[in-house]
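S.K.: What follows is the residue order along each chain.
There are 2 protein chains.
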Amino acid sequence: MKARVHVTLKTGVLDPQGKAIQHALSQLDFDGVEGVRTGKVFELELTDTDQTHARERVEAMCQQLLANTVIENYDIEIG
Amino acid sequence: MKARVHVTLKTGVLDPQGKAIQHALSQLDFDGVEGVRTGKVFELELTDTDQTHARERVEAMCQQLLANTVIENYDIEIG
Numbered sequence: 001m002k003a004r005v006h007v008t009l010k011t012g013v014l015d016p017q018g019k020a021i022q023h024a025l026s027q028l029d030f031d032g033v034e035g036v037r038t039g040k041v042f043e044l045e046l047t048d049t050d051q052t053h054a055r056e057r058v059e060a061m062c063q064q065l066l067a068n069t070v071i072e073n074y075d076i077e078i079g
Numbered sequence: 001m002k003a004r005v006h007v008t009l010k011t012g013v014l015d016p017q018g019k020a021i022q023h024a025l026s027q028l029d030f031d032g033v034e035g036v037r038t039g040k041v042f043e044l045e046l047t048d049t050d051q052t053h054a055r056e057r058v059e060a061m062c063q064q065l066l067a068n069t070v071i072e073n074y075d076i077e078i079g
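Listed in order, the protein sequences are those of chains A and B. Note that the first sequence covers residues 1 to 79 in UniProt numbering. Note that the second sequence covers residues 1 to 79 in UniProt numbering.
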């Protein structure tokens with residue numbers, strides 16, 4: 001079973017990498033880019049067969065390792 | 001208009017970060033994790049109003065900056 005986790009910075013948390021990308025895009029003459037926010041994606045290959053159990057495990061993985069819940073949000077897609 | 005870009009490593013490209021996370025998860029007693037692949041997410045805030053035009057621009061941004069198309073794939077979600 002596949003699980004995909006998106007980890008993004010919480011609103012209000014500064015994103016210097018996003019700012020740098022936004023600046024670089026304007027240097028490349030891409031106008032009309034009002035904001036860029038960066039984040040991470042984790043694609044997990046799990047041996048689980050039950051989606052509910054898999055979601056609970058991935059939730060625990062996010063809490064313990066994949067996301068810094070002080071400054072990051074995460075969302076989980078199973079299957 | 002919002003656009004979301006997922007950038008992930010092409011199949012066959014080594015993902016040392018993913019391997020490290022997989023190892024860390026097993027250290028935390030998460031068994032049954034057969035593989036971890038990492039990637040990036042870019043959330044773009046665009047002034048575009050036409051989705052087709054926006055998709056073409058984001059495609060060009062990926063080709064020129066957001067993705068290293070030699071080793072990475074990208075997919076674009078608009079709206």
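Check each hint, because a few of them may be wrong.
Said to hold, decoys possible - Computed list of lysine-lysine pairs in BS3-like fashion (alpha-carbon distance at most 30 Å, straight line):
no. : chain 1 : residue 1 : chain 2 : residue 2
1   : B       : 40        : A       : 19
2   : B       : 2         : A       : 10
3   : B       : 2         : A       : 19
4   : A       : 40        : B       : 2
Claimed, not checked - Example chain A residues on the side facing chain B (calculated, C-beta under 7 Å, incomplete):
no. : residue
5   : 11
6   : 16
7   : 26
8   : 42
9   : 43
10  : 49
11  : 62
12  : 73
13  : 77
To be verified - Interface residues of chain A toward chain B, partial, derived using beta-carbon atoms under 8 Å:
no. : residue
14  : 39
15  : 50
16  : 74
17  : 76
18  : 79
No wet-lab data here; the hints were simulated from the structure. Predicted model, so just to flag it, every value in this text is computed and none were measured. A virtual CB, placed ideally from N, CA and C, is assigned to each residue, including glycine.
S.K.: What hint numbers does the structure not satisfy?
M.R.: 5, 6, 7, 10, 11, 12, 13, 15, 16, 17, 18
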